[in-house]
Each structure stands twice: as C-alpha cells, then as structure tokens.
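Student: Below are the chains, spelled out letter by letter.
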Amino acid sequence: MDKTPQTEPRQSWTFSNDVNSEIRRAAATGIYDIRGGGAKRRVPHFDDLLFLGASMSRYPLEGYREKCETAVTLGTRFAKKPIELKIPITIAGMSFGSLSGPAKEALGRGATMAGTSTTTGDGGMTEEERGHSEKLVYQYLPSRYGMNPDDLRRADAIEVVVGQGAKPGGGGMLLGQKITERVAGMRDLPEGIDQRSACRHPDWTGPDDLEIKLLELREITNWEKPIYVKIGGARPYYDTALAVKAGADVVVLDGMQGGTAATQDVFIEHVGQPTLACIRPAVQALQDLGMHREVQLVVSGGIRTGADVAKALALGADAVSIGTAALVALGDNDPKWEAEYQKLGSTTGAYDDWHEGRDPAGITTQDPDLMARLDPEIAGRKLRNYLNVLTLECQTLARACGHNHVHNLEPEDLCALTMEAAAMAQVPLAGTNWYPGKAGF
Amino acid sequence: MSTILDMAETDLRAVNTTLQAAAKDKANAAYTLTNPRGSHAVACGLDGPLSVTVKGSTGYYCAGMNKDATVTVEGSAGPGVAENMMSGVVTIEGDASQYAGATGHGGLLNIKGNASSRCGISMKGIDIVVHGNIGHMSAFMAQKGNLVVLGDAGDALGDSLYEARLFVRGSVKSLGADCIEKEMRPEHIALLSELLEKAGADAKPEEFKRYGSARKLYNFNIDHADAY
Chain A
1 MDKTPQTEPR
11 QSWTFSNDVN
21 SEIRRAAATG
31 IYDIRGGGAK
41 RRVPHFDDLL
51 FLGASMSRYP
61 LEGYREKCET
71 AVTLGTRFAK
81 KPIELKIPIT
91 IAGMSFGSLS
101 GPAKEALGRG
111 ATMAGTSTTT
121 GDGGMTEEER
131 GHSEKLVYQY
141 LPSRYGMNPD
151 DLRRADAIEV
161 VVGQGAKPGG
171 GGMLLGQKIT
181 ERVAGMRDLP
191 EGIDQRSACR
201 HPDWTGPDDL
211 EIKLLELREI
221 TNWEKPIYVK
231 IGGARPYYDT
241 ALAVKAGADV
251 VVLDGMQGGT
261 AATQDVFIEH
271 VGQPTLACIR
281 PAVQALQDLG
291 MHREVQLVVS
301 GGIRTGADVA
311 KALALGADAV
321 SIGTAALVAL
331 GDNDPKWEAE
341 YQKLGSTTGA
351 YDDWHEGRDP
361 AGITTQDPDL
371 MARLDPEIAG
381 RKLRNYLNVL
391 TLECQTLARA
401 CGHNHVHNLE
411 PEDLCALTME
421 AAAMAQVPLA
431 GTNWYPGKAG
441 F
Chain B
442 MSTILDMAET
452 DLRAVNTTLQ
462 AAAKDKANAA
472 YTLTNPRGSH
482 AVACGLDGPL
492 SVTVKGSTGY
502 YCAGMNKDAT
512 VTVEGSAGPG
522 VAENMMSGVV
532 TIEGDASQYA
542 GATGHGGLLN
552 IKGNASSRCG
562 ISMKGIDIVV
572 HGNIGHMSAF
582 MAQKGNLVVL
592 GDAGDALGDS
602 LYEARLFVRG
612 SVKSLGADCI
622 EKEMRPEHIA
632 LLSELLEKAG
642 ADAKPEEFKR
652 YGSARKLYNF
662 NIDHADAY
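In order, the protein sequence lines correspond to chains A and B.
For the first sequence, counting from 1, position 248 maps to 248 in this note's numbering; every step adds exactly one.
Adding 441 to a residue's 1-based position in the second sequence gives its number in this note's numbering.
If you are wondering where the hints come from, they were derived from the structure by calculation, not from laboratory data.
Heads up, some of the hints might be wrong.
[Said to hold, decoys possible] Straight-line alpha carbon distances no greater than 25 Å define the calculated DSS-like cross-link-like pairs of lysine-lysine that follow: (1) A:343 - A:40; (2) B:623 - B:585; (3) B:465 - A:80; (4) A:81 - B:465; (5) A:67 - A:86; (6) B:553 - B:650.
[Said to hold, decoys possible] Partial pick of chain A residues on the chain B-facing surface, computed with a CB cut under 8 Å: (7) 31; (8) 144; (9) 149; (10) 176; (11) 180; (12) 185; (13) 189; (14) 191; (15) 194; (16) 196; (17) 198; (18) 203; (19) 215; (20) 216; (21) 220.
Every residue, glycine too, gets a C-beta built ideally from N, C-alpha and C.
Can you make the complete structure from the sequences, with help from the hints?
Tutor: Written as structure tokens, this is what we have:
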C-alpha cells in the first residue's frame, strides 16, 4: 500500500530556531542577553545604493593618473587647531577596558600610518594609544572615567558623547571579568565589580547646558581643540541641529549598526535608526542652518568597504568612522580561532561575547595570555593596509563619477535598488527619476 | 597683593587666560575677580598654586577641573561648580546649585550654604563639605571620596553608591538603592574630624551618621532587579 504523503515539517517564521533558542536561554537564566557589536538584523544599507558612474554628461578621471584628493579637515568652525587628516576615514571611540592595551596600540599605529585619527573611549586615555596615535580624539563621556585636564590638553580633539548608534539612550556595563587592577585604577573603582557607564552626563542636561559645557571645555583647552559631539541615530535632524546650536565643531552620527562593547541584545536590535536613514536628515539640518561643510559630519555604523565610504560621502558626510571593521582588520573573528570560538559556543563571524573577556583573538580581553596573542605592530600594519584599501576603493569610485576630490561625490551620483533605500537616501530608485516622498508622484 | 580683574571690562577668555598663565607660573599669585555677574566657566582649568577670589556669584562650572589652585566665591555658584576637580580648594560662601563637585577626583569643595540636587554625583575622590542642606540624588553613583553634610539630605541619598563615604548630621529624607547606614568607627571619627577642621565647620564628628554602599549591586544579580 502506498504511504500517505506527508507534509514536510514546517518551521515557524515567527518562532524560528533562533527565536526559540533565545526563549530557552532566557527561561534558563532569567536575564536578558548581553553582547557586543551592532545590529545584526538586515536593514537598508549602503549595499542598496549604486553609483551611476560617468556617462555623456560626466567625464571620468583617469585611474592611476589623475589625482583624486582625499584629505579632510575637521574642526574648522571654532578650533584654533583643526585636525587635518589624509583620508576621510577615522577610527571610532573604543575603550581601554573593553579592548586590550595591545589592541589600542595597534589602532593607534594603524591609524597613524594611514594618516588618520583614533579615538579613546570610556575609561580614559592610555599611554599605548596616546604614544602611538599622531592624532587622538579624547572622548568626554557621561561616566567621566579617567577624565582629567592633563589628558584633555594633550588630546588633539575632544568628542562629547551624547549617544551611540548601538544604544541611543542607553549606558553601558563593563562586566567584572574585565576589571583588572589597571582598568579599575583608571576608573577609580574596585577590581572585579561590574562598572556601569551612565546613560546621561552628570552635570548637564539638554542643548542649552551643553553649550555652556562646550564653553568650559574650550576655556580649559585655550580654544585649540576641535570639539565633536557624537549622537546616536535617533532623531538625526533635530539632534544634529541642536548639536550645532550648542557649538559643535563636528557632529559624529552613529547609526544602529555601530558597535558597542556590551549592551542588551534587545537594545542593539530594537532602538535607533539604520545609518542609511540618518545621513540625509543630518545633512539637511546642516544645510538649513547654513553649516554644511562648516560643521563637519562624520558618519559611522556599518562602514566596511570603500564603496560604503564613498556612498556616505556622496550623501553629504565629510568623513566616516569605523569600529567593528577596524577590529576585524586587527584579527577579530578570524577563522584561525574557529576551534576556540566553538568552545565558547560561537563560531567565526558570530562571536560577540566581547564583554566576557575571553576573546580568542586577544582584542576584547584583559587576560594577559589572550592579549599576548595580538602583536600590535603586525595588527597595526593590517589596519593600515585596510584603511589604504578603503581609500583606494573610494577614490576609484569618485574618479569613475568624474570627481577630483572624494568630497565632490554627491547624491546625484547614486541610485537606489530598493524603495526603502531610495526613501532613506533620497536618491532615485534605479531606472526612475523618483524616490518616495519626492513631490510629483 | 591681589591683582584685580574687573569682569565688567575684561572678557571671560582674557580672564581665564590670565589666571591659567598665572597658575602655570607657580608663583602663588593672588587675583580678585569683580563683577562676575553669573558668568560661566570662571576660573576653570587652573593648574597650579594660585589664589582667586570672586566677588559675587558665578554661573555654571566655576573652577571646573581645578588643580592645586584655591578659588573662593564670595557669593553663590551655579551648576557644576568644581566639576571634575583634581586638587586644591574651592570655597563657596553662599549656596551651590546642582551637580556641585560632580565627578571630582580630589581636593576640597567647601560649600558654606546649601547645595542643590546631585551634589557629588559620580565623585571619584574629592572631599565635599556642605555646611547646609543638600538636595535629592546627591552622591548618585559616587565612587570615591567623602561627602560631609552638616544639615539635612534630600531623597535618594547615595543611590547606586560605590566606595564613597557619606556623613550626614541632620535627617536623610530617604536612601537610594544600595545605600545603607553604616557603623561609625574610630577611623571614621578621625577622618571626619580632619575634614570638619579643614572646612572650618563648627560641628562634632559624633553628631554624624555614616552611609555607604551595601555592595549588593556591584555585580549584576537578577534577584536584585527590583532595586533598579
């Protein structure tokens, strides 16, 4: 007798294996999942945009022959000493504590060789980073861990952190496993305890106060240092406008794909806007205030390739900033550590328990044995190489669009592959002259 | 001999440039600022032995990030006075607004009047003596140092406290999460005596109660979730 045909077992899209595994984990532990990195969900991104290239109306520049400039100056509004970078790609703020000393040194080495800046993070300035970074941006965070006027003065710029893309409106927690004697000492806290990084500044609230805070920082540093204001991708138009009103020299805008050392997964995946959706409103705010290019815009969150850099610049950014990609360039999530990732219950490319301090690559750890795996000179060279590739790729695309400076890239060089990307980037859907929201539909 | 800088005639940048240079000279010079008229960021970023007397009230962040200098405000101070102070002495003859001594690492902040909310927020080693009362959420997430209050404390004193020591002579409206009253041992009496003497406060250490961290929130524990 023929067997009765059976329907294939069907997995629920709503209750997928991934979702169910999280339910089981939550039921077993009673606590939310904490991890590092940025949003992992698929969101409209730079991949959804294409460059049009040169045509009858645009003349391309000759690759390898005609110059395409990449230099950018940040902090031209008020600072006596703006930062001049050779490339429009900077290294984002990442703390000593979340990262090892050798990792911070490698970031400094790589950034310096490539002619760009690196940035401190929560936890203060380390000698490794200052010593190896020709241009160092000193973050001024709500926790003020390690904050002191001497480091403020030996920084090349100051970045007042209001928010970050992975967790706009949220603070942080560096778990006790990573709080060694050195980390604890820099933060004025006991060893081994979880260290909360506050979600808002202790001595100002709102843009009116921030304006006065920036005045104080400028008075302390003789008005020499550019002051950046970093915002998470929440309300980019108004946040940018208010940062400018408060007196920012530079606005750093971090979308939801921007990473963090440790935050609740629910926060990372469900708060904030994709980077792509943030750029045009921020640029619009600058243009409405007559401040586009006078107050520079640095965009971060999911920058991986020279194409991403070029697209961010075309949408109006002056520079981009990379964090996660820089760590990958140093050696984070390298397949050579697969066996160890497996032991930690993860796999190459997915490892994100940076807060636990057991990083096989020796980057997001304070364990001396693991840290020793990262050679800061070799890792620094890898970062330099990667930054060079990003720059070359960006130049290639700019030349193809007929531009002799990457800052001459413009929205008119782009089209979008999806309706969502067209709406967010405000560039035409491919094959049309229209994007959602544009009048005339 | 004190050099007078009249802030009605000299702008803030010039005043701070003069004071910062004088502090750097380490010549123990003295300056008197007149007509501050609530200016912000007055005498901030001083780095060296210098005596500054401000004749009147100041705005935000007076004596911010002070190192080694002695700053006296003969009036009241706006928000964030002596924020992130590293060392030296800052004295406020009147009242201080919110966030007084925020994130301070060292030195003495001596407030002769009252201090508003969040006094000593995230303090990291500073000593703060308030001769009057303090407002709510004072010593929030305070890490190190000593906060001495001769009057009363408002709601949620020492919420999420770390290792800072709090001494209050008057009443405490309520304690914040993880802040508890602790035994006043001889070493605390001795410490308090020293602080009161430095601040010129007319009070006996035995009249104070000590508050500190219960240390139950030091490592996240789901069983303590109700405290957050």
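Student: If a hint holds in the structure, say so; if it doesn't, say that too.
Tutor: Hint-by-hint comparison with the structure:
{"no.": "1", "hint": "A:343 - A:40", "result": "22 Å, holds"}
{"no.": "2", "hint": "B:623 - B:585", "result": "16 Å, holds"}
{"no.": "3", "hint": "B:465 - A:80", "result": "21 Å, holds"}
{"no.": "4", "hint": "A:81 - B:465", "result": "21 Å, holds"}
{"no.": "5", "hint": "A:67 - A:86", "result": "14 Å, holds"}
{"no.": "6", "hint": "B:553 - B:650", "result": "20 Å, holds"}
{"no.": "7", "hint": "31", "result": "5 Å, holds"}
{"no.": "8", "hint": "144", "result": "4 Å, holds"}
{"no.": "9", "hint": "149", "result": "4 Å, holds"}
{"no.": "10", "hint": "176", "result": "5 Å, holds"}
{"no.": "11", "hint": "180", "result": "15 Å, violated"}
{"no.": "12", "hint": "185", "result": "11 Å, violated"}
{"no.": "13", "hint": "189", "result": "6 Å, holds"}
{"no.": "14", "hint": "191", "result": "11 Å, violated"}
{"no.": "15", "hint": "194", "result": "5 Å, holds"}
{"no.": "16", "hint": "196", "result": "7 Å, holds"}
{"no.": "17", "hint": "198", "result": "7 Å, holds"}
{"no.": "18", "hint": "203", "result": "4 Å, holds"}
{"no.": "19", "hint": "215", "result": "5 Å, holds"}
{"no.": "20", "hint": "216", "result": "4 Å, holds"}
{"no.": "21", "hint": "220", "result": "3 Å, holds"}
Checked against the numbered hints listed earlier, the structure breaks hints 11, 12 and 14; every other hint is satisfied.
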